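**Student:** Single-letter residue listing:
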Amino acid sequence: MHEMSLCEGIIQILEDESDKQGFQKVKQIWLEIGALSHVEPQAMYFCFDAVKQNTLAADAKLTILDIPGTAWCMNCAKNVKIKQRYDECPHCGSVQLQVTEGEEMKIKELEVE
Amino acid sequence: MCTVCGCGEGETQIEGENPHQHDHDHDHSHHHDHAHDHQHIHDYGQGPAHAHAPGMSQSRMVKIEQDILGKNNQYAQANRSRFAQQGMLVLNLVSSPGSGKTSLLTRTLETLKNEMPLSVIEGDQQTSQDADRIRATGVSAIQINTGKGCHLDAHQVGHAIDHLSPQDTSVLFIENVGNLVCPAAFDLGEAHKVAILSITEGEDKPIKYPDMFHAADLLLLNKIDLLPHLDFNVDQCIEYARKVNPGLRVLQVSATTGEGLDNWYEWIRLSRQSRLIGFSSPEKPKEPTIKAV
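Chains as they are written, first to last, in the numbering used here: chain E, 1 to 113; chain L, 1 to 293.
The hints are simulated quantities; they were obtained by calculation from the structure and are not laboratory data.
Quick caveat, the model's predicted, so the values are computed rather than measured.
Positions of the beta carbon are idealized from the N, C-alpha and C atoms, including for glycine.
A couple of the hints might just be wrong.
The calculated EDC-like cross-link candidates involving lysine to aspartate or glutamate, where the alpha carbons are at most 20 Å apart (straight line), are [to be verified]:
| hint | chain 1 | residue 1 | chain 2 | residue 2 |
| --- | --- | --- | --- | --- |
| 1 | E | K106 | L | D187 |
| 2 | E | K108 | L | D204 |
| 3 | L | K63 | E | D66 |
| 4 | E | K61 | L | D211 |
| 5 | E | K61 | L | D67 |
| 6 | E | K25 | L | D204 |
| 7 | E | K108 | E | E40 |
| 8 | E | K81 | E | D59 |
| 9 | E | K61 | E | D16 |
| 10 | E | K106 | L | E65 |
| 11 | E | K20 | L | D211 |
| 12 | E | K52 | L | D67 |
| 13 | L | K63 | E | D16 |
| 14 | E | K106 | L | D217 |
| 15 | L | K148 | E | E101 |
| 16 | E | K61 | E | E32 |
| 17 | L | K243 | E | D87 |
| 18 | E | K83 | L | E110 |
| 19 | L | K63 | E | E15 |
| 20 | L | K148 | E | E40 |
| 21 | L | K208 | E | E32 |
| 22 | E | K81 | E | E101 |
| 23 | E | K106 | E | D66 |
| 24 | E | K83 | L | D211 |
| 25 | E | K27 | L | E201 |
| 26 | L | K63 | E | D87 |
| 27 | E | K108 | L | E65 |
To list a few chain L residues with every Cβ distance to chain E over 12 Å, as calculated [what the hints assert, rightly or not]:
| hint | residue |
| --- | --- |
| 28 | N72 |
| 29 | R80 |
| 30 | H163 |
| 31 | L218 |
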């Protein structure tokens, strides 16, 4: 359940930002979560609802934007789509893949008041 | 929330530290209001469905593009630079519960304690039993109880180091909470994650929990002495692990019989030597004497 600590981390970032950017309330949050990251989106929704109580994000709506996994295949010398970390290249079967996208865990954007 | 450093977890307990030691008397009142007579304009013009209707709502969009783990990573960087300044080698030991991590560690400490300065941070949800086992070897150890937390984070480790005050050029082992999932995501500032997998667990662990095996630099395949009694395919296991992490090094060891442990000790010695290159301290290894031919 490290989604719980990640959600606590999000609330901390929001509190820091509210000081810096002068807002009191967060209405919507967009997260970018990569398919290869350490996060299960469903668990994230669940934990966020628990953690946001009595914070500046108490009424905030969470939206998670999925980022598909992409890797550079050294053999084919091109980008390929992968679903999991240990996937083979769909074209040549090589495992020598360098992940280029899909590891993100980012707060992308906020709607604030 | 801890007001010294902003830590949010109320569950964590570090040995020798009161549950909340940052309390202070407050007989004065706090004023946190400040005049804001300037305007903030952060309108990036990209609202949902571009719904910008001036005067209709006070809400606005803020692009922040921040890594959720950013805070942990900042603490990890602070730990890492401290370790570098002290010429320390720090290893983060990760595994599932029951892989034999603590047994492996106590045996390692017994062997290396007269050779180099050592210390240990123990992470468990509850009890200080593991730290007690470590201290029985004579090596200083500190226990972090994470309460409900499933992993150690860089901030807890930073506090633990303050209490432990490890020596320059020492090796610090951080025994993470037994969990093959969450500790993979949390950088503690270590030089290497070392994954320990016991062969009683099944050879498909590396592809069932790929994140951990991807994050590790070394895999210790423990309890190898039990191989005759089990249906465990070593080659298959290593193949799975390298599928997730092609550069992963694998050592087959037994913390009970000592089989293969020399390789592990040698890996620690060499990793420590490479950390000491360029590190200046009174304990710097002596220059090799060159004999005249």
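**Student:** None of the hints should be skipped; say for each whether it holds.
**Tutor:** Status of the hints after comparison with the structure:
1. Note on K106 of chain E and D187 of chain L: the hinted pairing holds, with a Cα-Cα distance of about 16 Å set against a maximum of 20 Å.
2. Distance check on the hinted pair: K108 of chain E and D204 of chain L sit about 35 Å apart at the alpha-carbon level, beyond 20 Å; violated.
3. Between K63 of chain L and D66 of chain E the CA atoms are separated by roughly 17 Å; this keeps the pair inside 20 Å, and the hint holds.
4. The suggested pairing of K61 of chain E with D211 of chain L is violated, with an alpha-carbon distance near 29 Å, which exceeds 20 Å.
5. For the suggested pair K61 of chain E and D67 of chain L, the alpha carbons sit about 19 Å apart, so the restraint of at most 20 Å is met.
6. A C-alpha spacing of about 46 Å is found between K25 of chain E and D204 of chain L, which places the hinted pair above 20 Å, so the restraint is violated.
7. With a CA separation close to 17 Å, the supplied pair K108 of chain E and E40 of chain E stays within the 20 Å bound.
8. Our distance criterion of 20 Å between C-alpha atoms is broken by K81 of chain E and D59 of chain E, whose separation comes to about 36 Å.
9. At roughly 19 Å between alpha-carbon atoms, K61 of chain E and D16 of chain E fall within 20 Å of each other, so this suggested pair holds.
10. At roughly 6 Å between alpha-carbon atoms, K106 of chain E and E65 of chain L fall within 20 Å of each other, so this suggested pair holds.
11. A C-alpha spacing of about 34 Å is found between K20 of chain E and D211 of chain L, which places the hinted pair above 20 Å, so the restraint is violated.
12. Restraint check for K52 of chain E and D67 of chain L: the C-alpha separation of about 18 Å stays at or below 20 Å, so the hint holds.
13. Under the criterion of a C-alpha separation no larger than 20 Å, the hint pairing K63 of chain L with D16 of chain E is consistent with the structure, at around 14 Å.
14. Of the pairs offered as hints, the one joining K106 of chain E and D217 of chain L is violated, with about 26 Å between alpha carbons and a cut-off of 20 Å exceeded.
15. Between K148 of chain L and E101 of chain E the CA atoms are separated by roughly 32 Å; this puts the pair beyond 20 Å, and the hint is violated.
16. The suggested pairing of K61 of chain E with E32 of chain E holds, with an alpha-carbon distance near 14 Å, which does not exceed 20 Å.
17. A hinted pair counts as satisfied when its Cα atoms are at most 20 Å apart, and K243 of chain L with D87 of chain E qualifies at roughly 8 Å.
18. Restraint check for K83 of chain E and E110 of chain L: not satisfied, since their Cα atoms lie roughly 44 Å apart, outside the 20 Å limit.
19. Taken as a hint, the K63 of chain L and E15 of chain E pair is honoured in the structure, with Cα atoms around 15 Å apart against an allowance of 20 Å.
20. As the CA atoms of K148 of chain L and E40 of chain E are separated by approximately 19 Å, the hinted pair is consistent with the 20 Å bound.
21. Restraint check: the Cα-Cα separation between K208 of chain L and E32 of chain E comes to about 24 Å, which exceeds 20 Å; the hinted pair is violated.
22. Restraint check: the Cα-Cα separation between K81 of chain E and E101 of chain E comes to about 9 Å, which is no more than 20 Å; the hinted pair holds.
23. Only pairs whose Cα atoms come within 20 Å are accepted, and K106 of chain E paired with D66 of chain E is accepted, the gap being roughly 11 Å.
24. A distance of roughly 13 Å separates the Cα atoms of K83 of chain E and D211 of chain L; the hinted pair therefore holds under the 20 Å criterion.
25. For a cut-off of 20 Å, the pair hint linking K27 of chain E to E201 of chain L is broken: about 46 Å separates their Cα positions.
26. Of the supplied pair hints, the one linking K63 of chain L and D87 of chain E is violated, its CA atoms being roughly 33 Å apart against a limit of 20 Å.
27. With a C-alpha separation of about 4 Å, the suggested pair K108 of chain E and E65 of chain L falls inside the 20 Å cut-off, and the hint holds.
28. Not every C-beta of chain E lies more than 12 Å from that of N72 of chain L, the closest at about 7 Å, which undercuts listing it as non-interface.
29. Every CB of chain E lies more than 12 Å from the CB of R80 of chain L, the least distance being 19 Å, so the non-interface label holds.
30. Distance check on H163 of chain L: its Cβ is at least 22 Å (rounded) from any Cβ of chain E, clearing the 12 Å threshold; non-interface status holds.
31. For L218 of chain L, the shortest C-beta to C-beta distance to chain E comes to about 18 Å, beyond the 12 Å cut-off, and the non-interface label holds.
Of the hints listed earlier, those the structure fails to meet are numbers 2, 4, 6, 8, 11, 14, 15, 18, 21, 25, 26 and 28, in rising order.
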